[in-house]
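With these hints in hand, go ahead and build the complete structure from the sequences.
Number of protein chains: 2
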Amino acid sequence: MNPSEWFSEISDELWPGQCFSVKIKKVLHEERSKFQDIKVFESESHGTVLVLDGIIQCTERDEFAYQEMISFLPLCCHPNPKKVLIVGGGDGGVAREVVKHPLVEEVHQVEIDDRVVELSKKYLPFMACGFESPKLKLTIGDGFEYMKQREGEFDVIITDSSDPIGPAASLFQESYFGLAKRALKPNGIICSQGGTFWIDQKHVRETLDHCRKHFPVVGYGVANVPSYPSGQIGFFIASTNDQTKLSEPATTFTDKEVDDMKLRYYTTEIHRTAFTLPRYAAKYLYDEK
Amino acid sequence: MNPSEWFSEISDELWPGQCFSVKIKKVLHEERSKFQDIKVFESESHGTVLVLDGIIQCTERDEFAYQEMISFLPLCCHPNPKKVLIVGGGDGGVAREVVKHPLVEEVHQVEIDDRVVELSKKYLPFMACGFESPKLKLTIGDGFEYMKQREGEFDVIITDSSDPIGPAASLFQESYFGLAKRALKPNGIICSQGGTFWIDQKHVRETLDHCRKHFPVVGYGVANVPSYPSGQIGFFIASTNDQTKLSEPATTFTDKEVDDMKLRYYTTEIHRTAFTLPRYAAKYLYDEK
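So the sequences go chain by chain: Y and R. Note that the first sequence covers residues 1 to 289 in the UniProt record's numbering. Note that the second sequence covers residues 1 to 289 in the UniProt record's numbering.
Misleading hints may appear alongside valid ones.
Chain R regions said to be covered by chain Y (calculated; three or more residues, Cβ under 8 Å) [claimed, not checked]: (1) 18-31; (2) 141-152.
What follows is a set of in silico ranges between Cβ atoms, one per label pair, in the way DEER data are often shown [what the hints assert, rightly or not]: (3) R:Val27 to Y:Asn80: 56 to 64 Å; (4) Y:Glu105 to R:Lys256: 41 to 49 Å; (5) Y:Lys213 to R:Ala169: 54 to 62 Å; (6) R:Asn80 to Y:Ile165: 33 to 41 Å.
Hint data in this document are derived by calculation from the structure and do not stem from the laboratory. For glycine and all other residues, C-beta sits at the position ideal for the given N, C-alpha and C.
This is the structure:
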């Protein structure tokens, strides 16, 4: 293997004509699991990198931004997020963040690909440490099927999926949001990985519209994650309680509390600003059609 | 020329180990000017792209985000920005935005490389249209030298430079901020292109510290621009008035006013949120050292 070769994230389907590349120091592992191609490599500049089906899932350098935001945005929108479901998140990063929240008592996680979990434990221990919490119960299985059997169980459901082609496709459909709503307790909150309007605003709008059919309050929050396409990723966040104001967190933290939880991105003020979008995006995503 | 080749933005000095690439449809122009290598190409996905010394300066697809924010953040921090100086900005994009502001009466611009201006007029007319305003007076020359001869002239000075290696190096030094301060009227505001803390927080902190030696109020605002490294760019903003609160604009706009000015990114609410940084960056850039 040539040590100076680059990993290039090319997708004609998801982001034609553009590409982010990271220089590879050493390939640590490659395999085809039952569900997807998995690659783990050490990079020159971004630490360890996990790639599924040719798409970067996380880099050691900036994964904290994503994991903190997909976890703390919904958790802090809920006044008492005792029982949480994580769908996907096989690397353990979301679990690592969710169990930090002082009100969370019980976390259930369902991940379809046990190979991602095993490889993360071996090569990404800084994320897989999330699996070690006594609050967490991990199930290997299909999140869609898992939710079909749950009703009124969870305060918060977080869907940490890959992009909407491949094994995660069903997690972006309208029926998924219907199932998620049914699995929630009253006043429940959901949060799903939501791509970026910079590349595919039509997909973001359509998924928001799926959400709107089931939830009275729906929003789109954003975080900056340099190693994702466009350097930004969004989250679909919805509440069954029509009084929820997503940009005003129910739980707030002082800087000291933020530091004690070892948060590096999320703060209460970051939460308040996460739903403010550029004018063109706000118009496209929120205006009546 | 192979029409399916990629332009790859590699810089071992500025962002080692990572690289953003755009697929080239057609190279429109290439030359070595007196100051730098200039390349203009039509891309598959990002419209026309301007490259100086191998670094993307703007793409037709997302340049509006940068131009609007580097212009409207400082203009709206100032209660009455009548007379504005633009240093750099040879593509015309900043001029295009600055003259939109309803209180701006007179804009002076000094750009070092007339070839950028000429090529922009030919290949990037959507930006070079900024040069057509009767409010604008363009001078070809060195911004550093130009400012040495000005004292107490401008309400706002905007420095739209390339990165701190090459012809723009002097625009990031402490002496530059001293000159800028002297060229301002009382209660003046400056704003300079400021890189990103995701890649080089040490440079950002050092430049903020240069600023702090001359201005009582100094801040760092950010905008998302997908085609820049990390997908985000920051701005050094400073005021000579110690009562200025950068995150609370002196001039506010309704959505209708924003739309009438054809702004696609900037809104009053975006301005208010632009100075909120991830916890790790806020600590590094603002904590006492």
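Going through the hints against the structure:
no., hint, verdict
1, 18-31, "holds (count 6)"
2, 141-152, "violated (count 0)"
3, R:Val27 to Y:Asn80: 56 to 64 Å, "holds, 59 Å"
4, Y:Glu105 to R:Lys256: 41 to 49 Å, "holds, 48 Å"
5, Y:Lys213 to R:Ala169: 54 to 62 Å, "holds, 55 Å"
6, R:Asn80 to Y:Ile165: 33 to 41 Å, "violated, 52 Å"
Of the numbered hints listed earlier, those contradicted by the structure are 2 and 6.
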